[in-house]
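Using the sequences and the hints, build the whole thing.
Number of protein chains: 2
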Amino acid sequence: MKVTFQIQGSAPVEIECNAGDNLLELARRANVAIDAPCSGNGSCGKCRVQLLSGELESVPSRHITPEEYEAGWRLSCNCKVAGDCTVLVPDIASAYQSRMKTADLSSPEEVAIFQETQEQLKESGIAFANPFLSLELTMAEPSLEDTMPDNERLTRAIREQLEVETVEIPYCVMEKLASTLRRERFHVRVKGEKQGNTFRCMEITGAQDSVIAGCAIDIGTTTVTMVLVDLTSGKILAKGSSGNGQIRYGADVINRIIQQAKPGGRKSLQDAIIKETLTPIIANLCRSAGISARSILRLSVGANTTMNHLFVGVDAEPVRMEPYIPSFFSWEGLKAGDLKLPANPLAPVIIAPNIGSYVGGDITAGTLATGLWDSDEMSLFIDLGTNGEIVFGNRDFMMSCACSAGPAFEGGDISCGMRATDGAIEACVLDKDTMEPTLTIVGDPEQKPVGICGSGIIDIISELFRCGVINAKGLFVREGSRVRRDEHGMGRFVLAAPEESETGREISINEVDIDNFIRAKGAIFSAIHTLLEAVDMDSSMIDRVYVAGGIGSGINMKNSVNIGMLPDVELEKFRYIGNSSLSGAYAMVMSDAAVEKCTQLATNMTYLELSTHPGYMDNFVAACFLPHTDARLFPNSRQEV
Amino acid sequence: MKVTFQIQGSAPVEIECNAGDNLLELARRANVAIDAPCSGNGSCGKCRVQLLSGELESVPSRHITPEEYEAGWRLSCNCKVAGDCTVLVPDIASAYQSRMKTADLSSPEEVAIFQETQEQLKESGIAFANPFLSLELTMAEPSLEDTMPDNERLTRAIREQLEVETVEIPYCVMEKLASTLRRERFHVRVKGEKQGNTFRCMEITGAQDSVIAGCAIDIGTTTVTMVLVDLTSGKILAKGSSGNGQIRYGADVINRIIQQAKPGGRKSLQDAIIKETLTPIIANLCRSAGISARSILRLSVGANTTMNHLFVGVDAEPVRMEPYIPSFFSWEGLKAGDLKLPANPLAPVIIAPNIGSYVGGDITAGTLATGLWDSDEMSLFIDLGTNGEIVFGNRDFMMSCACSAGPAFEGGDISCGMRATDGAIEACVLDKDTMEPTLTIVGDPEQKPVGICGSGIIDIISELFRCGVINAKGLFVREGSRVRRDEHGMGRFVLAAPEESETGREISINEVDIDNFIRAKGAIFSAIHTLLEAVDMDSSMIDRVYVAGGIGSGINMKNSVNIGMLPDVELEKFRYIGNSSLSGAYAMVMSDAAVEKCTQLATNMTYLELSTHPGYMDNFVAACFLPHTDARLFPNSRQEV
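Sequence order for the protein chains is A and B.
Numbering follows my numbering, with no gaps: position 406 of the first sequence is 406.
Numbering follows my numbering, with no gaps: position 367 of the second sequence is 367.
Just so you know, these hints were derived from the structure itself, not from any lab.
These numbers come from a predicted model, not from an experiment.
Cut-off 25 Å, straight-line C-alpha distance, at most; resulting in silico cross-link-like pairs (PhoX-like, lysine-lysine):
#1 B:Lys340 - A:Lys340
#2 A:Lys340 - B:Lys275
#3 A:Lys122 - A:Lys235
#4 B:Lys176 - B:Lys335
#5 A:Lys340 - B:Lys335
#6 A:Lys335 - B:Lys340
#7 B:Lys335 - A:Lys176
#8 A:Lys573 - A:Lys558
#9 A:Lys2 - A:Lys80
Printed below as a string of structure tokens:
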């Protein structure tokens with residue numbers, strides 16, 4: 001049998017299969033990206049496809065209405081092939097790339113935050129110096145009087161400019177040395193690295209091609225962001241981001257670890273990040289900066305422990321299995337050529353070190369970026385993503401922990417949830433009396449809403465709570481035209497009726513959604529609370545709160561405190577620092593001192609494993625209320641009714 | 001149009017083409033090996049194919065008789081495609097592999113010579129020691145009490161056995177570290193290199209897989225020979241040889257340099273040696289030794305300057321163009337992975353250094369093997385191949401030069417010439433009175449002759465001269481039943497009448513053949529003579545003559561002196577040393593001291609460029625007689641009539 005995937009914005013893909021094959025699995029085999037945050041267990045309802053012709057056998061789902069079913073909509077994870085068929089796949093890849101409100105330096109405000117971070121690192125004494133050089137060389141042409149062979153001639157010319165004993169010429173330079181020298185009439189540029197008494201050539205080009213570049217990459221579970229930088233000046237040459245192509249293997253790290261452990265899985269997950277995600281972005285950045293990929297002489301990566309393992313292609317199973325010891329914390333020795341990244345094959349790939357199974361290089365790089373290690377102030381650093389990671393400390397000590405927040409912040413586990421792309425409700429204010437919502441939508445100002453993203457959910461729940469529409473358990477306690485109940489009595493709040501929405505489907509938030517979200521925010525707050533308890537401290541001792549992460553840029557701090565997600569400290573203590581993993585990675589690609597500092601931070605940071613920590617579960621249960629069972633922790637949270 | 005090549009012993013190969021395409025070029029495009037020593041200019045007559053069906057447009061050739069033409073035989077370089085056709089291609093690859101009498105350690109005598117050479121190197125103070133180690137490691141499994149990640153655990157275990165500060169774990173080990181440790185229950189073997197305070201891991205396997213191997217390779221213009229050795233014990237694990245797959249691009253280095261300069265040529269020539277020639281031999285040797293290619297931790301190559309350039313894939317054009325300065329003499333930094341050789345990707349590939357455009361690493365490696373650098377005796381070292389290279393000197397000085405002997409020693413440029421495979425006449429004695437020849441044939445004792453190989457030609461010419469059948473100019477001066485003349489009066493000597501030969505074709509040697517050969521031997525002797533003159537010496541001062549090379553093993557020293565090819569010194573001064581390039585490469589793969597010594601030899605050896613040297617041309621002209629125009633140089637050469 002044959003299944004044809006019609007992909008919005010791309011060429012169709014056909015695959016041969018057998019009756020009974022699972023449609024989502026088939027899509028994975030055919031390299032067709034279908035959004036499946038729950039990795040195919042039917043719970044998230046995101047893997048919707050539309051049957052255009054032919055037959056699929058499927059079980060009913062609460063995520064598909066009878067009208068939608070009639071129109072051919074199915075959850076691909078629920079479908080078995082019953083005959084030749086053609087299905088329409090919503091184009092998630094370009095949706096990611098449309099206008100994600102991730103911290104990808106797309107707004108001037110974010111660029112300013114990014115640059116301020118780097119300036120502060122310099123003030124903290126981090127020298128922005130690296131060993132990479134671009135040398136312009138002019139040599140005499142060989143003659144019967146000057147019979148030096150090409151490689152010795154090159155070595156001599158380099159030694160005239162640099163005080164080095166040894167010049168290493170690797171294969172990738174040697175194989176084009178003779179032809180480049182002659183084509184360029186012995187006036188060339190050599191790019192490479194000076195380490196002590198040795199200069200290592202990495203590239204030879206014409207003399208006019210002078211740029212040497214670095215590439216700083218943040219690999220998030222959901223989103224990948226990177227900047228291409230000039231290694232000499234530090235200038236940002238280009239920037240870009242896209243969804244992590246591994247998303248079709250599951251939204252969270254656990255599902256991806258399970259997938260990579262299947263036969264061929266490690267290769268598939270590695271291909272999804274390297275070939276499908278990073279390679280096209282880097283190629284784009286090089287094109288827009290007008291440089292050759294061979295001029296990228298160093299890369300740095302900020303990523304969580306699992307992402308690091310999948311990126312490197314190392315078995316990630318030990319990350320999730322007791323005794324939770326990853327294959328590596330810190331590892332030097334990776335080259336771009338090992339992973340076939342589009343960069344100089346000899347370019348070192350610096351991986352910001354992991355410190356535990358669930359506190360990875362994104363957090364050590366992020367901690368570097370916060371500068372909290374250089375201050376007497378007690379700082380809390382929270383990276384909000386699919387996983388929430390917390391660091392607390394100052395120049396004298398640092399503690400860290402991680403919790404699984406689940407996909408709620410990215411709109412997963414929420415019936416009308418979506419990522420922060422065009423049409424997402426990103427902010428909301430309710431009229432206390434009429435309960436009429438005022439919505440802010442991502443994208444075109446005339447855009448009708450499509451769904452709700454993470455920052456919108458925080459606002460909506462905070463506003464429903466403030467206006468007394470829901471109680472501390474998240475149950476509806478007021479009635480009104482926008483409060484509806486289904487046949488089982490489950491309440492929901494309608495943000496947009498079918499005629500008000502872009503898709504013609506009602507956009508609402510129900511008690512199950514609210515409960516899911518409360519558990520996500522409860523995980524975050526209880527992690528913070530447990531970490532503070534572990535060092536015998538409490539919220540009042542916090543001098544500063546750094547909030548980072550993909551969700552961060554749209555987040556309303558006051559509302560986040562109001563629902564008991566962030567600790568109740570003065571609002572001026574909060575500082576949004578954008579994509580701190582990318583900021584740290586940038587510092588590391590530019591600066592050897594930053595690499596050294598980050599390694600040192602990782603060595604000095606204590607990791608608290610919450611899953612085995614006594615008290616965490618109690619704290620979690622207590623945090624699963626609005627704002628908390630212990631209202632004294634949130635004196636500023638209030639219901640205005 | 002379509003051409004089908006039927007290849008003896010292989011599957012047929014089809015290729016689409018246009019009318020008028022040259023058949024030899026098509027064969028090259030289709031990767032079909034056709035022997036073409038003259039690279040397709042119609043002069044050698046070796047690229048014979050048989051038209052089985054269809055049409056080919058061809059011009060007559062002196063190399064094809066009317067009867068043969070009738071039977072479909074054509075020179076492929078002379079044919080244009082005129083329609084769909086099928087041609088039969090004689091299987092030269094397996095002919096090479098059948099029973100070449102090259103110095104490939106196939107006889108016990110050659111193995112003895114090889115081992116004696118190594119023993120003498122040890123006596124000369126070359127320590128046979130290398131930095132490669134195979135470590136058996138047993139580690140504790142990770143637990144909640146011992147939470148070290150895999151890479152640090154491995155480092156700790158290595159440090160328990162070796163006093164090193166740094167353990168480098170490269171990607172090829174890292175990517176399988178987690179899975180290997182767990183599959184082998186933390187009882188593994190690590191293979192790698194200890195340099196000073198650093199141990200570089202290169203491979204991780206199960207504990208039982210203990211062998212670490214090296215591979216020593218002689219890349220000749222015509223033949224490739226190699227041995228797989230145990231890096232710990234020095235034992236030869238396997239050995240093999242085959243024809244150099246580049247042969248279809250021309251028999252000599254000049255034709256191959258011209259070919260590699262064409263678009264895509266460098267890649268084709270490199271593929272021909274690496275993918276088509278070396279890869280299958282190494283894979284075979286690994287199979288027969290029962291080791292994995294990843295266990296090959298170092299390779300060494302003895303090859304002439306052009307072969308070295310083509311092997312590395314570096315433009316060889318500078319080798320043949322004034323000012324004759326190759327792209328490199330000596331180059332460190334090549335890894336097996338750069339060339340995708342079937343070996344550990346990190347294995348260093350040691351290239352014995354070149355010292356000039358026409359004195360390459362085969363000669364520096366060979367000089368190392370002779371041991372002449374450790375003696376007071378004045379030694380002459382002659383490597384007889386497609387090029388002849390000469391070294392003269394002792395522990396105080398060394399001079400070298402090279403001459404182009406052409407393909408005559410391998411049977412090229414000789415009408416009934418062939419390589420030393422089954423059926424070749426390799427030795428000959430004439431009855432002075434009857435002129436009846438007694439032939440020695442390669443292969444089965446009952447084998448009828450097929451053609452004449454290099455050592456056979458030396459014997460035949462020497463015997464014809466001794467018996468007064470030919471004069472000093474190589475012209476026939478006696479008549480007899482075996483001496484025939486064609487319609488132009490050109491004499492020839494019939495060694496086998498059609499009914500006495502395997503192919504039904506007469507096997508003879510004619511005045512053109514003899515003239516070609518005299519020019520080849522003249523080139524060798526005049527090179528020796530010029531080199532001696534350049535240091536103000538003569539033959540009488542030679543204490544020893546080392547003869548090496550592919551032709552070497554069948555060579556009759558007395559006859560070689562008799563025709564004026566080798567200098568007239570006492571026969572006991574001659575020593576046949578087999579494949580000295582391979583002997584030197586073996587020493588280098590086993591011993592860092594040998595690598596150092598070879599580099600030092602190359603630095604200290606003076607290169608005499610004969611093509612621009614005054615006097616060489618006169619010496620060459622004078623040497624184009626039997627034995628020489630100056631008979632005083634050959635007091636022991638005589639005609640017995």
